[in-house]
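K.L.:
Residues per chain are reported as follows:
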Amino acid sequence: MKRFIALFVVLMLAISVSVAAAETLTVNVWDANQAPGIQQIADEWSEISGIDVKVEVVDWNNYWTLLEAGAYGGTLPDVFWTHSNTVQMYMDADLLLKLNDYIENDEAIDLDNYYPGIVELYTRSDGNVYAVPKDHDTIALLYNKAIFDKYGVEYPTDNWTWEDMYAAAEQITEASEGSVYGLALNTSNNQDGWYNVVYDYGANIVNEEHNGTTIDSPQGKAAMEMVRQLLTVGAPQSVVAETGTDSLFQSDKVGMITQGSWMITSFYNAEHADDYKWALLPYADVNGNGEADPEERWSCYNGLGWAAAYNTPNPDAAYSLISWFCSEEGQLKQAELGITMAGMPGISEEFANAFPGMDITPFLEAEDFSLYMRPYTRNTVVWEDALQQSGGFLDAWQNPEDPEVMEQACDNAAKIIRDAIAEEEW
Amino acid sequence: MNEPSKHKMTAAEKTEAKWAYAFIAPTILGLIILNFYPAIDTVRQSFYKSGGLGKGMKFVGIDNYTKMLQASETWQALWNTVKYALVEVIPGVAIALILAVFLNKKLKGTSAFRTIFFLPMVCAPAAVAMVWKWLYNQQFGLLNNIFHTNIAWISDPKIAWISVGIIGVWSVIGYNMVLFISGLQEIPGDYYEAAAIDGATGIRQFFHITIPLLSPTTFFIIQTRLIGALTIFDLMFMVMDKTNAALKFVQSVVYLFYDYAFTKSNKGYGAAIVVFLVVFIMIVTFFMQKLEKKMVFYN
Numbered sequence: 000m001k002r003f004i005a006l007f008v009v010l011m012l013a014i015s016v017s018v019a020a021a022e023t024l025t026v027n028v029w030d031a032n033q034a035p036g037i038q039q040i041a042d043e044w045s046e047i048s049g050i051d052v053k054v055e056v057v058d059w060n061n062y063w064t065l066l067e068a069g070a071y072g073g074t075l076p077d078v079f080w081t082h083s084n085t086v087q088m089y090m091d092a093d094l095l096l097k098l099n100d101y102i103e104n105d106e107a108i109d110l111d112n113y114y115p116g117i118v119e120l121y122t123r124s125d126g127n128v129y130a131v132p133k134d135h136d137t138i139a140l141l142y143n144k145a146i147f148d149k150y151g152v153e154y155p156t157d158n159w160t161w162e163d164m165y166a167a168a169e170q171i172t173e174a175s176e177g178s179v180y181g182l183a184l185n186t187s188n189n190q191d192g193w194y195n196v197v198y199d200y201g202a203n204i205v206n207e208e209h210n211g212t213t214i215d216s217p218q219g220k221a222a223m224e225m226v227r228q229l230l231t232v233g234a235p236q237s238v239v240a241e242t243g244t245d246s247l248f249q250s251d252k253v254g255m256i257t258q259g260s261w262m263i264t265s266f267y268n269a270e271h272a273d274d275y276k277w278a279l280l281p282y283a284d285v286n287g288n289g290e291a292d293p294e295e296r297w298s299c300y301n302g303l304g305w306a307a308a309y310n311t312p313n314p315d316a317a318y319s320l321i322s323w324f325c326s327e328e329g330q331l332k333q334a335e336l337g338i339t340m341a342g343m344p345g346i347s348e349e350f351a352n353a354f355p356g357m358d359i360t361p362f363l364e365a366e367d368f369s370l371y372m373r374p375y376t377r378n379t380v381v382w383e384d385a386l387q388q389s390g391g392f393l394d395a396w397q398n399p400e401d402p403e404v405m406e407q408a409c410d411n412a413a414k415i416i417r418d419a420i421a422e423e424e425w
Numbered sequence: 000m001n002e003p004s005k006h007k008m009t010a011a012e013k014t015e016a017k018w019a020y021a022f023i024a025p026t027i028l029g030l031i032i033l034n035f036y037p038a039i040d041t042v043r044q045s046f047y048k049s050g051g052l053g054k055g056m057k058f059v060g061i062d063n064y065t066k067m068l069q070a071s072e073t074w075q076a077l078w079n080t081v082k083y084a085l086v087e088v089i090p091g092v093a094i095a096l097i098l099a100v101f102l103n104k105k106l107k108g109t110s111a112f113r114t115i116f117f118l119p120m121v122c123a124p125a126a127v128a129m130v131w132k133w134l135y136n137q138q139f140g141l142l143n144n145i146f147h148t149n150i151a152w153i154s155d156p157k158i159a160w161i162s163v164g165i166i167g168v169w170s171v172i173g174y175n176m177v178l179f180i181s182g183l184q185e186i187p188g189d190y191y192e193a194a195a196i197d198g199a200t201g202i203r204q205f206f207h208i209t210i211p212l213l214s215p216t217t218f219f220i221i222q223t224r225l226i227g228a229l230t231i232f233d234l235m236f237m238v239m240d241k242t243n244a245a246l247k248f249v250q251s252v253v254y255l256f257y258d259y260a261f262t263k264s265n266k267g268y269g270a271a272i273v274v275f276l277v278v279f280i281m282i283v284t285f286f287m288q289k290l291e292k293k294m295v296f297y298n
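Chain order of the listed sequences is A and B.
According to numbering that gives the first Met the number 0, the stretch in the first sequence is residues 0 to 425, in order.
According to numbering that gives the first Met the number 0, the stretch in the second sequence is residues 0 to 298, in order.
Possibly wrong hints are sitting among the right ones.
[Stated by the list, open to error] Cross-link-like lysine-lysine pairs, in silico, DSSO-like; alpha carbons within 30 Å at most: (1) B:57 / A:414; (2) B:247 / A:414; (3) B:48 / B:293; (4) B:7 / A:414; (5) A:414 / B:263; (6) B:157 / A:414; (7) B:263 / A:97; (8) B:48 / A:97; (9) B:241 / A:414.
[As the list claims (entries may be wrong)] Listed next, with one range per pair, are the computed distances between beta-carbon atoms: (10) A:72 / B:279: 26 to 32 Å; (11) A:55 / B:93: 55 to 61 Å; (12) B:55 / A:72: 17 to 23 Å; (13) A:74 / B:292: 45 to 51 Å; (14) B:288 / A:51: 43 to 49 Å.
Calculated directly from the structure, the hints in this document are not laboratory data.
All values reported here derive from a predicted model rather than from experimental measurement.
Each residue gets a CB set at the ideal place from its N, CA and C atoms; glycine is no exception.
One chain only, chain A, in its complex shape (with noise of 0.2 Å):
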């Protein structure tokens, strides 16, 4: 009987969710903090169609699992968010409203004002597109200026390499007697962290044509090797397992991190914000000229997608809304709110103001150097995960002493790529 009841209810829950669908948007994100600001754009967008809008957030690791359950079962949310960890299996499976002819009719989207690398990464292979860009996003170095003046070492400069803040990291740990750490790095900071030493010295993680990769090369180890040295003067791998960087940082046991901009608002918003200072990520001498190239300062960028389910029983209006949230305007107002930096180059000075107090602009200026778009294949997650894990990246950071280890996993780690690229193709 309990099941009867169970089933019953699942069943009422199934029709009222399909009856509310038809007058309302179901917009799922995973960001909480900018969940507020979409919801004020998205309002204004009522105001004007009429039609209510409901912004969720998951948190990221239920999203996919929701959205996965989701794409099974027929229920996608009408309009949300997509990453490139997985947009490119969505795509294949035909879960994704086309947008073409929509994006051809609307004179408020022209797919040539965004990042390229974005829009590549939502058009699939036969050239239907099926997310617009939503905003972008680039990487820099936090720090925090109280533990700085505690064991007086000097702040981080725009001119820092790699070697300058191992220095400066390895004097706070030691000045600490290990009471505080000079920086922190865990094996999944990839994005926002050990990936954009690789892209300085020159390899990378996978290749522009995503079927490749360079880790196991002499400029990937000799990266990996910084890296190294950065962990023995870092918080121990078993630290930052268990309590995140960020958290470790924002308890000011930490004195550097590096983090990406979509990070901005939760570090704004900590205790201590007074105490925080964002500089340009550092960068690899490789050439030896005392300056940092353009080629020699590389930071990730990666942006976000708005996409509506192919099976959205209203997709003028998901698309309306889509258009809405990507439009020059609506892409100014995420900015000026400080939700994110925008999806199209040449509108985000805005977003510098949305902190007052809190000079940002370091996330600007990565952009007048190299940018690399997210490393991602078909089934990104598969290769990104086992890099995190022993097997991968994690014997060397757990054991950092040992340059041998860390060589090792160059090579484990060009493995894990190449067969997981292997894997996916048919």
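Given the coordinates of chain A, work out where chain B should sit on it, guided by the hints.
P.N.:
Only chain B this time, still in chain A's reference frame:
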């Protein structure tokens, strides 16, 4: 309905049978839709390679199984699961039995204690795991702060499996205890009176009356808890981060299944892992049934 084939059903009996079917239909339907169909479909999927999101299934025969049986992580996960089961079931049953004996006596405040020990059972497992995660935290955790230690309770591969096991024991003691108490109350008081008259001490009574007469309850608890422990997932998932170096030595078979089926979208390989686990549980249950005939004393 002893011998239904021997006589024809009367009209009244037929109506009755129809109603009977109508009444069990919801349960049967629920079982078929929610249990039987998914179980069979899982076995089918284990012979396929899935192209992600249910599209592009490709038949690969026993490839998933050969790959799985050759992977050292599968056997490591099985060993982790067995270790967890031993850590949870043996102390979980022993401690619960002792508590049940004490709380079955007519003392003041027994119901308060029973409630306290049963409380973990009514807490959401995910919430329990989150609280323990912070107790164990190396930097800010209560345990390290109280004992002035610096132990990586859940990141040191040597002890992480025990730390996780302790959470399991703590969660399950109350449930086992309640079952034991109901078992104890079925033992007639006469045996104890007779033993007391013959001069048997409390400890002798415990080993010669309580334990043998309680063996059906004990066996039931061990068997159900063993199966429960072999299918453990939530503890590891909630307590340990993906980048935890000890994860490899703690992750259970179901965790491995989750990782492949849901994180890496490889449903076919995930299905093969659960079929492997089901076979293992069947073998364990088979031996448990053999053991029941030898060890359990029914009146």
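K.L.:
None of the hints should be skipped; say for each whether it holds.
P.N.:
Right, here's what the structure says about each hint:
1. The straight-line distance between the Cα atoms of residue 57 of chain B and residue 414 of chain A is roughly 24 Å, inside the 30 Å bound, and the hint therefore holds.
2. Taken as a hint, the residue 247 of chain B and residue 414 of chain A pair is honoured in the structure, with Cα atoms around 20 Å apart against an allowance of 30 Å.
3. Restraint check for residue 48 of chain B and residue 293 of chain B: not satisfied, since their Cα atoms lie roughly 45 Å apart, outside the 30 Å limit.
4. Only pairs whose Cα atoms come within 30 Å are accepted, and residue 7 of chain B paired with residue 414 of chain A is rejected, the gap being roughly 71 Å.
5. For a cut-off of 30 Å, the pair hint linking residue 414 of chain A to residue 263 of chain B stands: about 17 Å separates their Cα positions.
6. Taken as a hint, the residue 157 of chain B and residue 414 of chain A pair is honoured in the structure, with Cα atoms around 29 Å apart against an allowance of 30 Å.
7. For the given pair, residue 263 of chain B sits about 25 Å from residue 97 of chain A by alpha-carbon distance, which is consistent with the 30 Å threshold.
8. Simply put, residue 48 of chain B and residue 97 of chain A have alpha-carbon atoms about 27 Å apart, close enough for the 30 Å limit, and the pair holds.
9. Only pairs whose Cα atoms come within 30 Å are accepted, and residue 241 of chain B paired with residue 414 of chain A is accepted, the gap being roughly 20 Å.
10. The supplied range of 26 to 32 Å is met by residue 72 of chain A and residue 279 of chain B, whose beta-carbon atoms lie about 31 Å from each other.
11. One distance hint, 55 to 61 Å for the beta-carbon pair residue 55 of chain A and residue 93 of chain B, is violated here, with the actual separation near 47 Å.
12. For residue 55 of chain B and residue 72 of chain A, the Cβ-Cβ distance of about 18 Å falls inside the hinted range of 17 to 23 Å, so the restraint holds.
13. A hinted range of 45 to 51 Å holds for the C-beta pair residue 74 of chain A and residue 292 of chain B, which are about 50 Å apart.
14. Separation of residue 288 of chain B from residue 51 of chain A is about 58 Å and departs from the stated range, judged on CB atoms against 43 to 49 Å.
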